[in-house]
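Participant: Respectively, the protein sequence lines represent chains B and S. Counted the way the working numbering counts, the first sequence spans residues 1 to 240. Counted the way the working numbering counts, the second sequence spans residues 1 to 571.
Among the hints, a few may not be true.
Derived CB-CB ranges, DEER-like [to be verified]:
hint: 1; chain 1: B; residue 1: 109; chain 2: S; residue 2: 506; range: 39 to 45 Å
hint: 2; chain 1: S; residue 1: 513; chain 2: B; residue 2: 11; range: 49 to 55 Å
hint: 3; chain 1: B; residue 1: 132; chain 2: S; residue 2: 319; range: 18 to 24 Å
Because the hints were derived from the structure by calculation, they are not lab data. C-beta: ideal position from N, C-alpha, C; glycine also.
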Amino acid sequence: MIEVDDFHKAFGDQVAVQGISFRVEPGELLAVIGPNGAGKTTTMRAIAGIISASRGRLSIAGFDVDADGIAAKSRLAFVPDDAPLFHDLTVEEHLSFYASIYRVNDAHAKALGLLDAFELTPKLRTPASNLSRGMRQKLAICCAYLHDPQAILFDEPLTGLDPQGIRIFKRSLQERAAQGAAVVVSSHMLAMVEDLCTHVLILSAGVQRFFGPIEELRTSYVQVDAAASLEDIFFAATSS
Amino acid sequence: MTTTVFNPAIVQLLMLQSRGRRRRMWGRFCQPRRLVLSAVACVMAVVWLGNAAMTIWFRESAFPETLRALLSLGMVLYAGWHFAKAAFFRPESPVDLTPAEREILVAMPLRSRDLVAYQLASVTVTTCLKAGLFTLLLLPDLHSALMGLAGLLLAMMILEILRIAIDIATWGMGRSAFLVYRAAVVAGLVAGGFVVGTVCMRAGALGGQINLGEGLHQRLVDILLQLNGSVVGYAALAFQPCVDLILADSVTLPKAGQAVAGLGIVLGLAAAVIGLYTITSRRVAQREKRNYRTRGAARNWLAGSTRSELLPGLSADGSLRLWRIPRWGGAAALAWRQLVGARRHWGSLLTAMIAPAVLTCVPSFVIEDRYVALLATTGTLAFYTFLLLPTALRFDFRRDLDRLATLKGLPITPAAAVIGQILAPVLIATLFQAGVLAFVVAARSLPPYFLVVAILVMIPLNVLVFGLDNLIYLLYPYRMQQEGLEIFLRTMLTFTGKGLLFAIGLAAVSAWGFAAAALVGGISHRTGSAINAYTVFACGMIAGPSLLATLVLYGLCRTYRDMNPIEDIPR
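So that you can see chain S by itself, here it is in the shape it has in the complex:
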């Protein structure tokens, strides 16, 4: 009897899914309601690709050593991220399948290696695309595009297999083993931070004021080279064969052999991951049986006790505790519900906000002038809020795709539904910003009213940002767990669009700065009274985003009202 290495149905399923995705993408692209935004997205894609092409063809090639340091450290950083992520966000299942895939595939007569192979195959497809794009971006630096592509593909595959292996391993760990793993990761992070800090201090990177000229760029490059030469460089040793391939001068027989050997290693790692999954799932099942036996013994020992004593949760004691939620047209109830959801994830929320909080505080310690330092921190916060924060705070329409019909069935107006849905992320974002700003104001001994003004500027900005994100989401709804080319393009376009909008916003702020100065000068000249230009500027900074936020909310209300939960929601 002959058996295939993998079930051929897995490959067939991938091909059919890919065809289905293409069909769905095209169908959704052509929906009349989406046509305008689809056209905008296309224009943005052209702009982005044009920009990327210009950047590629007109930029100077990097020095080989700089590129080597960048690639090596980038890969170490990415690998470190996978380790750290698993330590704080433990995967719930070993194989990254959607709920539908899990229900269907796991129930099918497939071997466990088929399931891992399915994931590996889907990861390979996306990695090929990513490696291709990355090769295009590095074209001026590569002496041989073919070898560069091979090296990048191998490196990215190793990283993906590492991620899958970490997920499987952490899923299979017992509680104590996982705590040890987490402690090891934290120790590793601290040690890494210590090394990086030492190198930076030695290079004098944090001393004095930042010079935005040539000096800063060179200093950062020097730090990177020093880091690569330090103990951090040893961590990148595993990736050196791939980096060598990326930086190869031409396609030679030894290099081709190296690539083939690399491919062999990747295949070996893939096989090892499949083995790891088989062993881990077996061990998890054994552990469950062992634990159940232990608990069974405890249950027998306690058999003399009454059932209600043992299982207090099952007693119907009628201790119902209903919350008194203010209604506010239904908005408060919806916001309360989202905040309850946020409370359930407070640990991951806090973890996600520590790094940005530290990063946004950096300008306040680097810049000498305390007023400029506060301005820089506020600007960094605004940038972070605009670009990244909405991804971390999805306590709005974005996690209610399957509940849109329920929401629309509630006796509340679209305006109340919209306000209620986006209030929670706005509130959390404002609290986060207030915390960071309060710290900076206190650390740099600034008057408290600066804090008040900064928060007043931030509130309409938060409404604008989350309103915009939700508007885009309702116009182009997608499932949060969805992956693949569509989401890759979507993310790319969203970030491009946001980047452009932020740039336009910055230009508008600058223009308003000049206009406010001119306006105040004109009024003072005519009336003879002294008006504070900063006050006028601050008022405009509050009024402008407020006006835009109102417009976005209006658009969001209309979109929500016109949304059809049957036709518009992707299945």
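Chain B extracted, bound-state conformation:
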């Protein structure tokens, strides 16, 4: 569903990412983890078609992000860490806008369900600029889910969410994956990764350290013991 093959990205002389390859199938939840500057956001933005790849092939549902960008983006939702919403638009106007852009047919029913699930109904006519950070994040998630994307990318999705919001979000991620979406989550919250994700991609200084099912992670790092947490493995993987 999401396929990244030999992805490289350079900004001028600075190489941000080199030689990343992975694949996320429908129903799988991939966690992208790594220290700051590892290339997580760059990789996410490249998959979302926001920046182009210096080398390699990225595709969504079989559509090449570079060559067939519109088809690829139509099947994708990307929620960046600080969702830059449109300040002037209210909550319902945001949903109207996204429904039009992604050609959502039964937008009204879907929007009602999402607003209800993310507790945004009382804020229907509130401009995005008047929402708290957590509310903005919830709105960005609602906009992302509105067109039932086949591939979903989240960059630090828990930023600003309250405990209730985190619970709702986690449940929604599992539901989306169960419905057949390929989900990629970039996060520093290792507990959440361990809790939710089926696969892990570890990046460090733009290089891929590990990719595979979360169960294989422990066997790959022989220097950590069997009872080691994901945090221990993370440090082992990124310190080398």
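For chain B, the structure is supplied; the task is to place chain S on it using the hints.
Facilitator: Leaving out everything else, chain S in the frame of chain B:
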């Protein structure tokens, strides 16, 4: 224990920011993608500076009385603008800080006077530069450049401090006080307009046809002198010491003393502004507490009512109302979104358009021939659209710098994104022009098809103008709240470039006028059939800008497509 007047960290911050800006400017100037435009900008700067130097050194010096009237009235006008602006666009915060500065500085252990001092210091730096440039422009008129610089610097500082004081005062006003202030400003504007109108009528400025010879210039100068001699001149009394310094013959001890006294006044005003801020912010906090107490009492009184009755906005009644937006490849949705933004600012938009609407209508009342009058109004509208309107209508890429990544992530083609983004300002500009032109056509009893043709000419022109502005913006993106030397130079270069382009456009229109006449003459001579030269001219006036607009849109699409939201956007 000793305390400094201002926190030294404020000065250090200004110096570091200045260094950072210089570093950023140089870095951006050297970006390969920008090199061509940077080179063009440099050439334009040389042209502008050369032109300014030529204008300075080869022009005749103004008569002292004329210069006195110009300076006095200019300062009154600028001060009046600050009063009027605050009456219609009430500042949201008392100190003009960027969001980042506000988040960081306000949270720091700085006193309120440090914050105002920070703003005053940044304003002083830019005012010194502006005063220097202004002195250069006035060199042939100044007997003593040094005294001129001192006078201009003091006058501009007084005006800047006045602006800051007005901003602080209007921010701190209660609702009723602000309405009184607004009413007073409107009354003042009406009274000022009445005085100016009376003086103009007495001078016979609006009577008869405009004579573009020596007579017009002299008549305008006479009106200015009369205005300065009228009650309007009293409003300029506060600036007279500065004007005296600007027009001083030489550096003498009394004049130097006057300058020192002026400096003392400026420092005193700065201290007064700091005091005003301290008092105002305290009063605002007290008012908030008082209002909260009053509302609390009301809440207690209504305690018997159910919560849902009191707070209907919080009830989850499911009254979701989604708009049915046509997609048109995504362009319509983007345009709709920009129009929603414009609707939120309709008041300020309307205010910003009243003055140009009146000004562009002036030729139609002054010029006797109604066809020439319509042509002149259309030309004035085109000039205004080309030079100033894009600044007022920023409902396009220019307000979406932080959302470029979001826009690029949408499943729409670059062409649809570009069209959708610039459609709103084009539409609003066209509506504005159609309104003005319809008024002129109706007032001068012209056939309606003139209106249709004029609008058909305006539409591609609007696309061209807004496309060009957005193209320049995407090539040289900057933050709208950004200030300082970079923006000053940028504005100067943009306006110079636009002025040059407008001049080239005018030359092209003239050339096309002659060419159309020759073409029609040739065809009529060969075929013997009569073709209307005006129709051919109008067709060319629509086709030419359309072709240029298409090229600009193509360039804009490519620039948007190649734009990298990580590297190309200033932080």
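Participant: Against each hint, give a clear statement of whether it holds in the structure.
Facilitator: Hint check:
Restraint check, residue 109/B to residue 506/S: a C-beta distance of roughly 57 Å breaks the suggested window 39 to 45 Å. Between residue 513/S and residue 11/B the C-beta distance comes to about 51 Å, which sits within the given range of 49 to 55 Å. The beta-carbon spacing between residue 132/B and residue 319/S, approximately 22 Å, falls within the hinted interval of 18 to 24 Å.
The earlier numbered hint that this structure contradicts is number 1, and it is the only one.
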